[in-house]
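*Asks:* Sequence:
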Amino acid sequence: MAPHGDDVLVTGVGALTPLGANAAASWDGLLAGRSGVRALGADWPEELPVRIAGTVECDPAEAIGRVQARKLDRGEQLAVLAAREAWQDAGVPQVEPERLAVVVGTGIGGILSSLGQDDLYESSGMRRLSPFAVPMLMPNGPAAWVSMELGARAGARAPVSACASGAESIALGLDLIRAGRADVVVAGGTEATLHPFMIAAFAQMKALSVQGGDPAAVSRPFDAARSGFVIAEGAALVVLERARFARARGARVYGALAGAAVQSSAQHITASDAEGQVQAMRTALADAGVEARDIGHVHAHATSTPSGDLAEAEALAKVFGEEAAVTATKSMTGHMLGASGAFGALSTLLSLHHGVVPAVRNLDEQDPEVRLDVVSGENRTGTWDAALSNSFGFGGHNVSLVMKRA
0 MAPHGDDVLV TGVGALTPLG ANAAASWDGL LAGRSGVRAL GADWPEELPV RIAGTVECDP
60 AEAIGRVQAR KLDRGEQLAV LAAREAWQDA GVPQVEPERL AVVVGTGIGG ILSSLGQDDL
120 YESSGMRRLS PFAVPMLMPN GPAAWVSMEL GARAGARAPV SACASGAESI ALGLDLIRAG
180 RADVVVAGGT EATLHPFMIA AFAQMKALSV QGGDPAAVSR PFDAARSGFV IAEGAALVVL
240 ERARFARARG ARVYGALAGA AVQSSAQHIT ASDAEGQVQA MRTALADAGV EARDIGHVHA
300 HATSTPSGDL AEAEALAKVF GEEAAVTATK SMTGHMLGAS GAFGALSTLL SLHHGVVPAV
360 RNLDEQDPEV RLDVVSGENR TGTWDAALSN SFGFGGHNVS LVMKRA
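Numbering (numbering that gives the first Met the number 0), first residue to last: 0 to 405.
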């Protein structure tokens with residue numbers, strides 16, 4: 000361990016993803032190789048070149064309550080439920096509110112509420128607007144609502160770094176505990192952007208796959224036939240605890256968050272940068288006090304875009320060669336944008352905890368330029384001491400997290 004003092008442990012997990020309405024169901028879906036990508040309904044515009052998405056198949060308003068849910072954007076609702084699950088899973092006893100912090104990121108914010116309220120204004124004027132319209136679209140809304148859910152008074156932070164937001168939130172949670180500003184941090188990401196405008200906008204960038212066919216076969220990271228990502232929604236949060244706090248109460252531990260790096264490529268607003276990714280991974284390894292050879296497996300960002308997967312493959316090869324097993328869960332969930340990095344960290348922790356790495360779905364023919372040990376066909380079992388999870392976002396945001404087995 001790098002000389003940072005007390006370790007930081009993960010004692011609770013919560014998630015709502017296209018694979019399930021909680022962390023356990025989502026993990027089981029990964030191990031089963033299921034896809035959460037589905038065809039969208041007939042009410043979606045036919046002019047859209049893409050009519051599939053990774054959808055969360057539950058109504059969060061039922062759990063939150065209809066009256067309260069009307070105050071929250073869908074992304075905020077998902078975050079609150081994931082936080083509630085993670086908190087219950089951790090079983091944290093009473094903690095001083097001033098020692099409990101929240102960090103919840105989002106890549107886009109309350110875009111569904113923003114667009115929906117704008118439609119109401121255009122059609123009916125001010126009288127139909129919700130008095131909660133502004134809080135519903137604020138990017139800090141999810142963090143604020145989670146802080147109120149848990150009574151956290153050590154800060155409610157809200158990183159906005161595109162698809163790296165959830166991972167950056169977890170990195171910031173690590174920093175807060177190391178700096179002595181909190182003993183417990185609930186951290187992660189959320190995203191709900193399934194709207195014709197968002198699909199059209201991403202499609203206009205040529206970022207989405209438009210291949211058609213079976214929705215479950217479209218997201219195919221590292222495959223030679225990959226053609227773009229599949230948009231998805233979801234939320235994932237973890238409970239981070241100072242080690243002596245967790246051990247004193249006999250907490251069940253999933254693993255340790257050993258190191259992190261947040262790096263900016265400063266190169267291009269959308270293009271991936273392999274050198275920046277290399278820097279992020281090496282910095283995270285140094286922060287954790289481990290060598291590349293100590294990493295047993297890597298959760299790749301791998302969104303299934305032709306150029307993005309190649310850039311990350313190049314970066315991974317430079318850091319690890321072919322030594323580390325590589326997985327890519329977006330092959331099953333689709334791309335949950337700001338929630339994706341948090342779910343990547345969560346699944347990496349569960350892989351260490353349970354000793355199994357999920358196989359990449361739809362890897363029929365590995366791209367010959369991807370010179371990595373990509374887990375395919377069957378899940379890989381074993382015992383590993385450490386693992387790394389990557390998350391990269393538009394704007395040159397590169398985040399790497401290093402986890403250790405407890």
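Don't read these hints as lab results, they were simulated from the structure. Backbone N, C-alpha and C define an ideal beta-carbon position, used for all residues, glycine too. Just so you know, not all the hints are guaranteed correct.
To be verified - Straight-line alpha carbon distances no greater than 20 angstroms define the calculated DMTMM-like cross-link-like pairs of lysine to aspartate or glutamate that follow:
no., residue 1, residue 2
1, LYS317, GLU290
2, LYS317, ASP272
3, LYS205, ASP118
4, LYS205, ASP174
5, LYS70, GLU148
6, LYS317, GLU368
7, LYS70, ASP117
8, LYS70, ASP58
9, LYS205, GLU45
10, LYS317, GLU274
11, LYS70, ASP118
12, LYS205, GLU46
13, LYS317, GLU377
14, LYS317, ASP363
Said to hold, decoys possible - Computed beta-carbon distance windows for the label pairs:
no., residue 1, residue 2, range
15, ASP42, GLN210, 16 to 24 angstroms
16, ALA200, PRO92, 12 to 20 angstroms
17, VAL66, LEU119, 15 to 23 angstroms
18, ARG246, GLY40, 18 to 26 angstroms
19, ARG65, HIS194, 17 to 25 angstroms
*Asks:* If a hint holds in the structure, say so; if it does not, say that too.
*Replies:* Verification of the supplied hints:
The suggested pairing of LYS317 with GLU290 holds, with an alpha-carbon distance near 13 angstroms, which does not exceed 20 angstroms. Restraint check: the Cα-Cα separation between LYS317 and ASP272 comes to about 13 angstroms, which is no more than 20 angstroms; the hinted pair holds. Distance restraint check for LYS205 and ASP118: the Cα-Cα separation of roughly 26 angstroms exceeds the 20 angstroms cut-off, and the hinted pair is therefore not satisfied. Distance check on the hinted pair: LYS205 and ASP174 sit about 36 angstroms apart at the alpha-carbon level, beyond 20 angstroms; violated.
Note on LYS70 and GLU148: the hinted pairing holds, with a Cα-Cα distance of about 14 angstroms set against a maximum of 20 angstroms. Of the supplied pair hints, the one linking LYS317 and GLU368 holds, its CA atoms being roughly 13 angstroms apart against a limit of 20 angstroms. For the given pair, LYS70 sits about 16 angstroms from ASP117 by alpha-carbon distance, which is consistent with the 20 angstroms threshold. At roughly 15 angstroms between alpha-carbon atoms, LYS70 and ASP58 fall within 20 angstroms of each other, so this suggested pair holds.
For the proposed pair LYS205 and GLU45, the alpha carbon gap of about 18 angstroms is at most 20 angstroms, so the pair holds. Taking the CA atoms of LYS317 and GLU274, the gap is near 9 angstroms; set against the 20 angstroms cutoff, the hint holds. Restraint check for LYS70 and ASP118: satisfied, since their Cα atoms lie roughly 17 angstroms apart, inside the 20 angstroms limit. Distance hint between LYS205 and GLU46 is fulfilled; the C-alpha atoms sit about 16 angstroms from each other, no more than 20 angstroms.
As the CA atoms of LYS317 and GLU377 are separated by approximately 26 angstroms, the hinted pair breaks the 20 angstroms bound. A hinted pair counts as satisfied when its Cα atoms are at most 20 angstroms apart, and LYS317 with ASP363 does not qualify at roughly 24 angstroms. Against the hinted window of 16 to 24 angstroms, the Cβ-Cβ separation of ASP42 and GLN210 comes to about 23 angstroms, which satisfies the hint. Separation of ALA200 from PRO92 is about 45 angstroms and departs from the stated range, judged on CB atoms against 12 to 20 angstroms.
For the pair VAL66 and LEU119, the supplied restraint of 15 to 23 angstroms holds, since their beta-carbon distance comes to about 19 angstroms. Distance hint check: the CB atoms of ARG246 and GLY40 are about 49 angstroms apart, inconsistent with the given range 18 to 26 angstroms. The hinted range of 17 to 25 angstroms is satisfied by ARG65 and HIS194, whose Cβ atoms lie roughly 22 angstroms apart.
Hints 3, 4, 13, 14, 16 and 18 from the list above are not met by this structure, while the remaining hints are.
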